[in-house]
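Colleague: Residue numbers (the numbering used here), protein chains in the order written: chain A, 1 to 113; chain B, 1 to 215.
Among the hints, erroneous ones may be present.
[Unchecked claim] Residues from chain A that face chain B, not an exhaustive set, calculated with beta carbons under 10 Å:
hint, residue
1, His17
2, Ile80
3, Thr84
4, Met105
Since the hints were made in silico from the structure, they are not lab data. Yeah, the Cβ is synthetic: ideal placement off N, Cα and C, and Gly gets one too.
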Amino acid sequence: MHELSLAQSIVEIATSHARAEGSGRVTKVFLKIGALAHVDPGALTFAFDAVSAGTLAEGAEVIIERGAAKAFCVPCGLTIEVATHADVCPHCGVHQWMLTEGDEMRVTELEVE
Amino acid sequence: MQVEQDLLAKNDRIAAVNRARLDATHTLAVNLMSSPGSGKTTLLCRTLELLKGQTPLAVVEGDQQTSFDADRIRATGVPAHQVNTGAVCHLDASMLLGSFELQAPPEGGILFIENVGNLVCPAGFDLGEHKKVVVVSVTEGEDKPLKYPYMFAKADLVLVNKVDLLPHLDFDLERLMGYLAQIRPEATVLKVSARSGEGMESWLAWLGEARSAIA
Chain A
1 MHELSLAQSI
11 VEIATSHARA
21 EGSGRVTKVF
31 LKIGALAHVD
41 PGALTFAFDA
51 VSAGTLAEGA
61 EVIIERGAAK
71 AFCVPCGLTI
81 EVATHADVCP
91 HCGVHQWMLT
101 EGDEMRVTEL
111 EVE
Chain B
1 MQVEQDLLAK
11 NDRIAAVNRA
21 RLDATHTLAV
31 NLMSSPGSGK
41 TTLLCRTLEL
51 LKGQTPLAVV
61 EGDQQTSFDA
71 DRIRATGVPA
81 HQVNTGAVCH
91 LDASMLLGSF
101 ELQAPPEGGI
111 LFIENVGNLV
121 CPAGFDLGEH
131 KKVVVVSVTE
141 GEDKPLKYPY
151 MFAKADLVLV
161 NKVDLLPHLD
171 FDLERLMGYL
181 AQIRPEATVL
191 KVSARSGEGM
201 ESWLAWLGEA
211 RSAIA
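Could you put together the complete structure from these sequences and hints?
Modeller: Below, the structure is given as structure tokens:
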């Protein structure tokens, strides 16, 4: 349940921006979570509700956008799409790729009032 | 409002501080991770017995509760600092930074960080270590790399522990090797037994190479 630590980080990011804007409350939190990010979106939302209680972010709606995971296949020199760590390259059938996109976990946007 | 802020940004900033701190004293930091019961602490004690006197050593122990593991390490004569994470299931970079205030990294030596026994959560947090070592024992399933890919996908070295028990088990070593190659072909894999001492010399040689790479 490392989602608790990550949710804590979302609350810190959201409340510090809200305070800087002089806002009373965070109403929406937009997240981008890559397909191979090491987090469960359901558990993250659950943890956010728990750790945001009593903060400016309490009750905020969490909206998660999932991004595809892309990798560079070393033998082919091509960018491929991967869904799991065990995937092989669809062109050469080899597992020798480096993730280029898809492990991100970011707060992209906030709505405050 | 647009924000674009990484959830791990704070952890990664502190991890960079830790790495700079370790580099300044030429200390190799090794993050040991595994499921509970893989024999990490026994393997570490055996490693310390073999290295002490030749290499400056220290250990940071991560557990949710108790100082049992730090006590076992100290019994070898090597200094150990116990971090109790409470409800938290992993070490993070700020916990390691906090440990430096109480126990300085051993200059020119090796700092072993024994993470909380958990094959899931510790994979998500950079501590500022130089190497990630995953221990998997032959009394576990061969399919661990496929079940916990996030952990194995980041390993620099996989230590297959308790190989002295292989004659008594149905464990299929080739299957494990195949799964590891599927998840992390770049990782070095070494077979060891903390109990019999088998494979310990290759593990020490690997540590020696890692040390010269940062010196």
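Colleague: What hint numbers does the structure not satisfy?
Modeller: 2
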